[in-house]
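Protein sequence lines, in the order shown, are assigned to chains U and C.
Just so we're on the same page, the working numbering is the position in the first sequence counted from 1, plus 2.
Just so we're on the same page, the working numbering is the position in the second sequence counted from 1, plus 60.
It is worth saying that the hints were derived from the structure and are not from the lab.
Heads up, some of the hints might be wrong.
30 Å max Cα-Cα, derived DSS-like pairs, lysine-lysine [claimed, not checked]:
1. Lys148/U to Lys324/U
2. Lys261/U to Lys358/U
3. Lys85/U to Lys237/U
4. Lys122/C to Lys358/U
5. Lys354/C to Lys343/U
6. Lys261/U to Lys208/U
7. Lys382/U to Lys410/C
8. Lys208/U to Lys272/U
9. Lys13/U to Lys333/U
10. Lys148/U to Lys85/U
11. Lys333/U to Lys343/U
12. Lys264/C to Lys122/C
13. Lys354/C to Lys335/U
14. Lys410/C to Lys442/C
15. Lys410/C to Lys358/U
16. Lys335/U to Lys272/U
17. Lys146/U to Lys358/U
18. Lys358/U to Lys451/U
19. Lys148/U to Lys237/U
20. Lys264/C to Lys382/U
21. Lys261/U to Lys272/U
22. Lys382/U to Lys354/C
23. Lys410/C to Lys343/U
24. Lys85/U to Lys13/U
25. Lys258/U to Lys237/U
26. Lys354/C to Lys324/U
27. Lys335/U to Lys358/U
28. Lys166/U to Lys115/U
29. Lys148/U to Lys208/U
30. Lys354/C to Lys333/U
Negatives, chain U to chain C, calculated, CB over 12 Å [unchecked claim]:
31. Arg155
32. Arg193
33. Gly199
34. Asp367
Cβ coordinates follow ideal geometry from the N, Cα and C atoms, glycine included.
Here are the chains, one letter per residue:
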Amino acid sequence: MRSEAYLLEMKDIVKTFPGVRALDHVSFRVRQGEIHCLVGENGAGKSTLMKVLSGVYPHGAYEGEIVYKGREAVFRGIADSEKAGIAVIYQELAQFPELTVCENLFIGHEIMKGNGARIDWPASLRRAEELLLRVRLRVDPSVKIKRLGVGKRQLIEIAKALSKNVGLLVLDEPTAALNDDDSANLLNLLRELKLQGVTCVLISHKLREVLSLADTVTILRDGAVVRSLDARAGKLAQRDIIRHMVGRAIDDIYPKRNKSVPGEVCLSLKGWTVYDPATEREILHQVSLSVRRGEIVGLAGLMGAGRTELALSLFGNTPAYKITSGELEVKGKTARFTHPKQAIRMGLAYVTEDRKRNGLVLIQDIRFNITLAALRDLVKGLAVDRQAELRAANEYKEAVGIRAPSVRQLVGNLSGGNQQKTSLSKWLFARPDILILDEPTRGIDVGAKFEIYQLMNRLVEQGMSILMISSELLEILGMSDRVYVMAEGRIVGETPACDATEQIVMAMATNAQEASA
Amino acid sequence: MNAQTAAPRGEARSRLDGLRAALRGNVREYAMYIALVVIFVVSGVATKGLFLSPRNLTDLIKQTGYVAVLAIGMTVVLIIRHIDLSVGYVAGFMGAMSAKLLTNGFPIYAVIPIVLAIGAAIGAYQGFLVSRVHVPAFVTTLAGMFIFRGLLSLVTAGTGTIIVRDEAFRALSNGFIPQIFEGSRHWLTFIIGLACAAVLAAVKIRARRNESRAGSSVSPALLFIFQMALFTSVILTAAWILSGYRGLPWTAAIVAAVLLSVNFVLTQTRFGRSVYAIGGNPEAAELSGIDVAKVTFIVFCGMSMFASLAGVLYTSRLSSATPTAGLGFEMDAIASSYIGGVAVSGGVGKVTNTLVGALVIMSLTNSMNLLGVDISYQYVVKGVIFIVAVAFDILSRRRA
Ligand SMILES: Nc1ncnc2c1ncn2[C@@H]1O[C@H](COP(=O)(O)OP(=O)(O)OP(=O)(O)O)[C@@H](O)[C@H]1O
Ligand SMILES: [Mg+2]
Chain U
3 MRSEAYLLEM KDIVKTFPGV RALDHVSFRV RQGEIHCLVG ENGAGKSTLM
53 KVLSGVYPHG AYEGEIVYKG REAVFRGIAD SEKAGIAVIY QELAQFPELT
103 VCENLFIGHE IMKGNGARID WPASLRRAEE LLLRVRLRVD PSVKIKRLGV
153 GKRQLIEIAK ALSKNVGLLV LDEPTAALND DDSANLLNLL RELKLQGVTC
203 VLISHKLREV LSLADTVTIL RDGAVVRSLD ARAGKLAQRD IIRHMVGRAI
253 DDIYPKRNKS VPGEVCLSLK GWTVYDPATE REILHQVSLS VRRGEIVGLA
303 GLMGAGRTEL ALSLFGNTPA YKITSGELEV KGKTARFTHP KQAIRMGLAY
353 VTEDRKRNGL VLIQDIRFNI TLAALRDLVK GLAVDRQAEL RAANEYKEAV
403 GIRAPSVRQL VGNLSGGNQQ KTSLSKWLFA RPDILILDEP TRGIDVGAKF
453 EIYQLMNRLV EQGMSILMIS SELLEILGMS DRVYVMAEGR IVGETPACDA
503 TEQIVMAMAT NAQEASA
Chain C
61 MNAQTAAPRG EARSRLDGLR AALRGNVREY AMYIALVVIF VVSGVATKGL
111 FLSPRNLTDL IKQTGYVAVL AIGMTVVLII RHIDLSVGYV AGFMGAMSAK
161 LLTNGFPIYA VIPIVLAIGA AIGAYQGFLV SRVHVPAFVT TLAGMFIFRG
211 LLSLVTAGTG TIIVRDEAFR ALSNGFIPQI FEGSRHWLTF IIGLACAAVL
261 AAVKIRARRN ESRAGSSVSP ALLFIFQMAL FTSVILTAAW ILSGYRGLPW
311 TAAIVAAVLL SVNFVLTQTR FGRSVYAIGG NPEAAELSGI DVAKVTFIVF
361 CGMSMFASLA GVLYTSRLSS ATPTAGLGFE MDAIASSYIG GVAVSGGVGK
411 VTNTLVGALV IMSLTNSMNL LGVDISYQYV VKGVIFIVAV AFDILSRRRA
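Looking at chain U on its own, in the form it has when it is part of the complex (with noise of 0.2 Å):
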């Protein structure tokens, strides 16, 4: 007997794209009852290895082998991984909104009565409850999905991987849209899962997680295994792992820029009153903040505190939020835009938070979705001027360091990272005087965050304005010359950045909260 049991291995994986060979050589070991963080840059291959895993590429579709619990493991597709007990958890959360908490966890496998023709729901209830309880979740089973936030649908994803016997647990960013409550909340559930038994694979960018919870890290880069450490004994430190990540140390992930004194307002909002016709709500309540030229104020708060929803309103998205009152002003000028065209050619921009819903034309390649902002400035005579837009696509891929064979790649091909960094691209090829950034570093590294952050610091030393909304206090702590904080649709606070703490802006947040409810 061995002293230490794999309970999975990996071994000599191959794994290639057209152009790109996405997994070189990667073996890979899991040991029975462990939490092992797989690290590494934006498209450094762990989505693609966890693929491999799962069945996503079948057997076959790769050279290599994968041995699971002792014996070699075939799969030709996810029903197969998952048969054997293995579950993958996805970044972007394959539910069904208009169905219940109860009917989700159970689909594709329901409960059925004795004869096997009917669902059983009230055995089904029951044992939804019994499961939500074993990821802590108060919630009633009957509620339908889409009226619960992220961090919730992220346990129930978790209810449902139980439900099936799991024993190998593997987790892609699952705390990347999440706020740090429910990051902590579903940190600790993983730390009792494998008390249970539960093996875990997670797969995030936030290192201080990583090292909380990791009793293994393996770092990949460019496709291969950089090192796999030992992160029990605690002796782990952050900037070990970035060194590896990114192969050169950052010392201050945060960095410095020169503070100039803010110049004049360039956007304001007084009184900003909005009602949502979906939910026949108002959703923001007399809301009223500045941004000054040369200024990062950042906007923070839990989610559904109606951050994204301010952003909206006042970027003219119309149809869906109506504006009831209150008074926009940019530059100096009274605003009220009926549609996004309008706050464009008004030098705003805004990078939205849920890249793939709305931010991305992912059928698409790099170039289009880089100049599809501005494409009005490349346009000769009448048509698109297509070398011109090709050296602007390939300006930005390189400012940005967009890691694509070519700007030609589909975007919908790129690790999550990278597609960030296109829609970010985006909005910079539009030189916006005021640019809104809706979690800017959603699923980034720690390698291209901080290039991201000198990217801002840049921008606003040169005059830009910026409005960042982000979940993460460190982000908001770290870059905002300023910070408001919001609430129940609601301006709850407001503070110099370098006065605040991560205690004092969760204090004003919850507050509110607590105070209104």
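We have chain U already, so just place chain C with the ligands on it with the hints.
This is chain C with the ligands only, laid out in the frame that chain U set:
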């Protein structure tokens, strides 16, 4: 993971890989051409050469004309994830209108602009409902089917079939471009064919060079040369055959003009980009400053205008407007687009391929007519080809 690592590892092996990748990447486009070739060969054999006779090929072009015009418009509608079911009866109605106007003494140069303008107005009405009122296009244009079918009956009510006597109008679908050189062969036609082949080759070669300069993987040189040789020889053969008969029909010139202009708009202009962006992700398009409602509106206007043009071509071909004109045109148009590779989920499609799709559908129709196949079977056969093409398309996309 970088681009370089995949390259070296046995020159021959990688070249073979490249070929395979290129073939796999365009499998459905090749399938379409292969289908067309198979139809031509089988029809040619089955009809003992009649199908390939200059006279029949000329007929085929004339028949394809109105369907191609409809299909080109339909492609754009399908790319932005809508559909227009009303095109058949709009074509029928506007064809009858043109006949009516002509018999009432309006000159042809007034009739055609009037008819196209009314067509655009019809499109404006449907486009308004779809883009501003958000009535689904399926419903809007289904209602349109009722309305324009009714209007067609109204226009032809008193007279029944309206006979058109205007020579110029009849020439639109039945005439040929003039002969300018002496001789039995229609040399102008052949020269145009030659020019087309040369321009096509030049455009393709330039596009390929730009592509590879942009860093995207292009098909291997050998495959490309083979393709080019095939295309040019097909064009030259067609030109040769047509020039041996009465030359190039005006219909072909009209379709070419429509095709080239829509292709230009889709591939070269900002409007075209908007169309593909909306088809790919309407929400992202809207937030990128594209006025989705406006683009949708314009696309519907264009569609109904093309439907009017198709109506004119059809009426001209029959030299008369009948109360049942337009029946089922929308089916041929939609089928042509899908056979030509428009994605069922929107966002993808080329009008040049749609033209080939239209040729597939119409050469099937033509050949089955020659063979005397019953119309009922014809529908079944077309339906089967249609669904096979779409299923194949979806499968090949999923694999890629
Ligand atoms: N279907 C595909 N076609 C072509 N290239 C692909 C495809 N899927 C992934 N790739 C490429 O493979 C590489 C690895 O991608 P992968 O998604 O595994 O990265 P990742 O490590 O998960 O990155 P991230 O942290 O950004 O999510 C990337 O360069 C990506 O562009
Ligand atoms: Mg990933």
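Going through the hints against the structure:
1. For the hint linking Lys148/U to Lys324/U, the alpha-carbon distance of about 22 Å falls within 30 Å, and the restraint holds.
2. As the CA atoms of Lys261/U and Lys358/U are separated by approximately 34 Å, the hinted pair breaks the 30 Å bound.
3. Using a Cα cut-off of 30 Å, the hinted pair Lys85/U and Lys237/U is violated, with the two alpha carbons roughly 38 Å apart.
4. Between Lys122/C and Lys358/U the alpha-carbon distance is near 45 Å, which puts this suggested pair outside the 30 Å criterion.
5. This hinted pair checks out: Lys354/C and Lys343/U have alpha carbons roughly 12 Å apart, not beyond 30 Å.
6. With a C-alpha separation of about 27 Å, the suggested pairing of Lys261/U with Lys208/U holds against the 30 Å cut-off.
7. In summary, the hint linking Lys382/U to Lys410/C is supported, as the alpha carbons are separated by about 23 Å, within the 30 Å threshold.
8. The suggested pairing of Lys208/U with Lys272/U is violated, with an alpha-carbon distance near 36 Å, which exceeds 30 Å.
9. Note on Lys13/U and Lys333/U: the hinted pairing is violated, with a Cα-Cα distance of about 59 Å set against a maximum of 30 Å.
10. Taking the CA atoms of Lys148/U and Lys85/U, the gap is near 28 Å; set against the 30 Å cutoff, the hint holds.
11. For the given pair, Lys333/U sits about 17 Å from Lys343/U by alpha-carbon distance, which is consistent with the 30 Å threshold.
12. With a C-alpha separation of about 27 Å, the suggested pair Lys264/C and Lys122/C falls inside the 30 Å cut-off, and the hint holds.
13. Distance check on the hinted pair: Lys354/C and Lys335/U sit about 26 Å apart at the alpha-carbon level, within 30 Å; holds.
14. At most 30 Å may separate the alpha-carbon atoms for a hinted pair to count; Lys410/C and Lys442/C meet this at roughly 21 Å.
15. Restraint check for Lys410/C and Lys358/U: satisfied, since their Cα atoms lie roughly 24 Å apart, inside the 30 Å limit.
16. Of the supplied pair hints, the one linking Lys335/U and Lys272/U holds, its CA atoms being roughly 13 Å apart against a limit of 30 Å.
17. Proposed proximity of Lys146/U and Lys358/U is supported: the alpha carbons are some 23 Å apart, at most 30 Å.
18. Between Lys358/U and Lys451/U the CA atoms are separated by roughly 19 Å; this keeps the pair inside 30 Å, and the hint holds.
19. For the proposed pair Lys148/U and Lys237/U, the alpha carbon gap of about 42 Å is over 30 Å, so the pair is violated.
20. Pair hint Lys264/C plus Lys382/U holds up; C-alpha atoms about 22 Å apart against a cutoff of 30 Å.
21. Taken as a hint, the Lys261/U and Lys272/U pair is honoured in the structure, with Cα atoms around 27 Å apart against an allowance of 30 Å.
22. Straight-line distance between C-alpha atoms of Lys382/U and Lys354/C comes to about 22 Å, which keeps the hinted pair within the 30 Å bound.
23. Pair hint Lys410/C plus Lys343/U holds up; C-alpha atoms about 27 Å apart against a cutoff of 30 Å.
24. Of the supplied pair hints, the one linking Lys85/U and Lys13/U holds, its CA atoms being roughly 21 Å apart against a limit of 30 Å.
25. With a C-alpha separation of about 28 Å, the suggested pairing of Lys258/U with Lys237/U holds against the 30 Å cut-off.
26. A threshold of 30 Å between alpha carbons decides the hint, and for Lys354/C with Lys324/U the separation of about 20 Å falls inside it, so the pair holds.
27. Note on Lys335/U and Lys358/U: the hinted pairing is violated, with a Cα-Cα distance of about 33 Å set against a maximum of 30 Å.
28. For the hint linking Lys166/U to Lys115/U, the alpha-carbon distance of about 18 Å falls within 30 Å, and the restraint holds.
29. Only pairs whose Cα atoms come within 30 Å are accepted, and Lys148/U paired with Lys208/U is accepted, the gap being roughly 27 Å.
30. For the suggested pair Lys354/C and Lys333/U, the alpha carbons sit about 28 Å apart, so the restraint of at most 30 Å is met.
31. Here Arg155/U stays apart from chain C, with its beta-carbon at least about 20 Å from theirs, past the 12 Å limit.
32. The beta carbon of Arg193/U sits about 33 Å from the closest Cβ of chain C, which is more than 12 Å, so the claim that it is off the interface holds.
33. Listed as outside the interface, Gly199/U is consistent with that label: its C-beta sits roughly 35 Å from the nearest C-beta of chain C, beyond the 12 Å cut-off.
34. Separation of Asp367/U from chain C is inadequate, the least Cβ-Cβ distance of about 8 Å not exceeding the 12 Å criterion.
In the structure shown, a violation is registered for the earlier hints numbered 2, 3, 4, 8, 9, 19, 27 and 34, in ascending order.
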